[in-house]
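J.: Whenever a hint applies, use it, and build me the whole structure from the sequences.
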Amino acid sequence: YPTSQDVGTIHVTGVHTAAGASGFDLTHTVANGAHLYSQGATALAYPGFAEGEPITVAVGGGTFTPAFTMATTGIAPLVVTSAAPTLERDTAVTVTWTPPASGATSRVLVKVEISHHGGFKGQVECDTADDGSLTLGGGLLTQLLDLGVAGFPTIAITRAVVGTGLTTAGRVDLTVSSTIAQAVTIPGVISCTDDVECTPPATCQDDLTCR
Numbered sequence: 447y448p449t450s451q452d453v454g455t456i457h458v459t460g461v462h463t464a465a466g467a468s469g470f471d472l473t474h475t476v477a478n479g480a481h482l483y484s485q486g487a488t489a490l491a492y493p494g495f496a497e498g499e500p501i502t503v504a505v506g507g508g509t510f511t512p513a514f515t516m517a518t519t520g521i522a523p524l525v526v527t528s529a530a531p532t533l534e535r536d537t538a539v540t541v542t543w544t545p546p547a548s549g550a551t552s553r554v555l556v557k558v559e560i561s562h563h564g565g566f567k568g569q570v571e572c573d574t575a576d577d578g579s580l581t582l583g584g585g586l587l588t589q590l591l592d593l594g595v596a597g598f599p600t601i602a603i604t605r606a607v608v609g610t611g612l613t614t615a616g617r618v619d620l621t622v623s624s625t626i627a628q629a630v631t632i633p634g635v636i637s638c639t640d641d642v643e644c645t646p647p648a649t650c651q652d653d654l655t656c657r
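Sequential numbering from 447 applies to the sequence shown in this note's numbering.
Just so you know, the hints here were simulated from the structure itself, not pulled from any lab data.
The reader is advised that the hints may include incorrect statements.
[Unchecked claim] Label pairs and their calculated CB-CB ranges:
#1 Q589 - I636: 19 to 25 Å
#2 G469 - R535: 50 to 56 Å
#3 R657 - Q628: 22 to 28 Å
#4 P646 - G486: 49 to 55 Å
#5 T473 - T551: 27 to 33 Å
#6 A480 - Q628: 32 to 38 Å
#7 S579 - G466: 34 to 40 Å
#8 P633 - T551: 34 to 40 Å
#9 S623 - A538: 24 to 30 Å
Each residue gets a CB set at the ideal place from its N, CA and C atoms; glycine is no exception.
T.: Next comes the structure, spelled out in structure tokens:
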């Protein structure tokens, strides 16, 4: 993993607090040698910004990097309008959501991951326009199913916008996102965390499926 750094003060503008302020400073702490930045005791409003509202993060800088600023815009909370999908061989799946206001620059990432608890074998990731719909082809999903499945398969849909800051130390991305995860049904796969969730003589296996 990258080594965490002290980058000085960080001030966020365009994200509203519960008290009504339109910005706040991140709290810097050091734990076990790692530099951590968080909102600290500042309570935030939800949603913390309006769709399209400017958001900036101003970094004060220090010995690691000079000062720099990242900017992006607020997004509308993601609303998924399609039901949690069922994955079957050679069968396409369409995911739908409420599109943003006209002129929005957000993108949508759809990630299907069905083998996590069995030892990660692969996933499908699609980066698509935020236009309200994406169809995952049956052939692609068949390839994913053929890699193997485990308990509690999921699909995650994320709306995101990204702002970029270029520094002497490299590139830093500021991501504003809204994610909804849904459980995926796969015929023949029964997820479990304990034997009592399985029908005897099946028991709950290490991959969290009843067999």
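J.: Take the hints in turn and mark each one as holding or not.
T.: Each hint tested on the structure:
no.: 1; hint: Q589 - I636: 19 to 25 Å; result: holds, 23 Å
no.: 2; hint: G469 - R535: 50 to 56 Å; result: holds, 51 Å
no.: 3; hint: R657 - Q628: 22 to 28 Å; result: holds, 24 Å
no.: 4; hint: P646 - G486: 49 to 55 Å; result: holds, 51 Å
no.: 5; hint: T473 - T551: 27 to 33 Å; result: holds, 30 Å
no.: 6; hint: A480 - Q628: 32 to 38 Å; result: holds, 33 Å
no.: 7; hint: S579 - G466: 34 to 40 Å; result: holds, 37 Å
no.: 8; hint: P633 - T551: 34 to 40 Å; result: holds, 39 Å
no.: 9; hint: S623 - A538: 24 to 30 Å; result: holds, 26 Å
No hint from the list above goes unmet by this structure.
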